[in-house]
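S.K.: What follows is each chain in one-letter form.
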Amino acid sequence: MSDTLAPATQSDIDEPRANVTAAKKRVGSIPGLIFRIVLCLVFGLPLIFMIISGFKPDDQIFSDLTSIRAFLPVGHLSFDNYTAVFDRVPFGTFIMNSVIISVCTVVLGVIVNSMAAFALARLTFRGKTVILSIIIATLIVPFETLALPLLWWVNKLPWLDANGFSFGWLDTYQVQILPFVANAFSIYLFYQFFDSIPKELDEAATVDGAGWFHIYRKIVMPLSGPAIATVSILTFLPAWNSYLWPLMVVQSENLRPAMVGIDYFKQLNVSWGQLMAYASMITIPVLALFIAFQRAFINSIASSGVKG
Amino acid sequence: MSSTLESRSADVPSIPAPHQLGSRRAPSQKRAAAWMLAPAAVLLVTFVLIPIALTFALAFTDSKLVSPQPIRFIGFDNFTRIFADATFWKSLRNTVVFAVFVVPLQAGFALGLALLINTKIKGVNFFRTIYFLPVVTSMVVVAILWTFLYQPNGLINSLLLKIGIHGPDWLGDTHTALAAIIFMSIWQNVGFHMVIWLSGLQTIPSSLYEASSLDGASTWQNFKWVTWPGLKQTRTFILITITIAALALFTQINIMTQGGPLDSTSTVVYQAVRAGFQQQQTGYASAISLVFFVIVLMVSLVQRFLTRDKDQVR
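In order, the protein sequences belong to chains A and B.
The letter at position 304 of the first sequence is residue 304 when you use this note's numbering, and the numbering goes up by one with no holes.
Each number in this note's numbering corresponds to the 1-based position in the second sequence with 308 added.
None of these hints come from the bench; they were simulated from the model.
Please read all numbers here as calculations on a predicted model, not as lab measurements.
Keep in mind that a hint or two might mislead.
Example chain A residues on the side facing chain B (calculated, C-beta under 8 Å, incomplete) [claimed, not checked]:
id : residue
1  : 136
2  : 139
3  : 140
4  : 146
5  : 187
Just so it is clear, CB atoms sit at the ideal spot from N, CA and C, and this is done for glycine as well.
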């Protein structure tokens, strides 16, 4: 799991091992390079087109389509599309909602799932294997099979807040956060990681009189940076991108997240340039995060392929 | 919360000295375990286990999302309705077609990409980053962007016109709509499985490649006898995850075509959402969900069985 994705040694097979590290990195074969660059264009150009078009008026976007200008920041560039987004929908509210929901889901998810995994990995009690296998069994159930019964169910659940006791969670923050906090896969990832930390640490601390919660907080969690990063990333992406669930449970604008917001924005018959400006604003922050923490992102995805 | 913040900033975690640990006696493991499991257990029961049970229970009732009337048990009525519904069969067919194309194509392209960048050459990190960009872009954004690209006078048809082809109205034509969505979905997701293949490739010990080179193996022989068998576990995992995700197709459909034209892109989950959310027929939607769940379960069991069987023969 903690393997880095440093490129393996396939092209170095015919060289002696000792020379591999010293060997200068080569460019590779020319056809291979051309192939890689073409693929870069296939994956990169649509996104570049999106970002560039956000700065152009619609008539220019369409007149640029027939040339390379479609991907270049040329012509009448302005922030008009961006200001139009803010004029037509409460975009600031949408993005704040997305941030609140994602951050709460990630923070609560890391705490709740790591605590459960700690109990399963490092404490002995009856029924442990049963609980672990139930948790792993739920991994094969896709959320889509549960979404509609869950919609009916959350509409019946009770809630207690400053206004007193009430039933029905539709149109709230908690309905967008709490169903996604406890996650079988996160528990499993933490479990695997905690299991690999030497248990002698616990024993030593117990002898010194430390409680289990103390061991969890002060010994195991500080050693689990990589697992925390992985779970955070694997929780953040689906929370930020979630669409089906908020589409069903949120009606009011002041609770609507950005992904559902762009769908509503599209239905206002806005111009393509404005739509691309909105799309850029909810995409660029995540792309920037990805590029900044690339290694952590890639490692998280790679560890999601670890076979259970 | 403070614990997670601390742990992130602690680069070199140190074991606290004994005097910092206090002199409290350790409570029994059982009690500690119960407290630590409780939050996750309550949430998993409320939002996973009970909904699973509800899927089974509500599928046999006429329950509505909001209704003052009590729920009635109606036996298999929902299922007879589903199986008599031509739109459902069309949706099931589209879902299966989508999966049949996406699973091999996406897994294959992803493996190709992984092999292409699993080398020690200059700029390989750059290429990996670019191929991965669509994965971190939300499917909602990708679907809206490609709706634009697929317009009759959009970017794709403008490019095709340059080489003399009059492109169709991709999303408005019953013959091309599903194919267009298949292509876009692979474009968005292939980087994800590229990374999973890559991590699989890196578990193959390089000594195996060295040994086969000594025997004078060609690139193809290397792939056939070293790489492919070494990817056995990764292969099963990738097949099952792509299949389940493909069968759950919804977002692209809801944004790009709303199931149209003429139901040519409607899917099982899209029908379930239409029934349970737009029409508020929770019972009927639960029945569709149950059918969907049984399909997913069967497909992943069959796949697991097939991949296991083949490996034994080999």
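S.K.: Each hint: holds or not?
M.R.: Status of each hint after checking the structure:
no., hint, result
1, 136, "violated (12 Å)"
2, 139, "violated (10 Å)"
3, 140, "holds (6 Å)"
4, 146, "holds (4 Å)"
5, 187, "holds (6 Å)"
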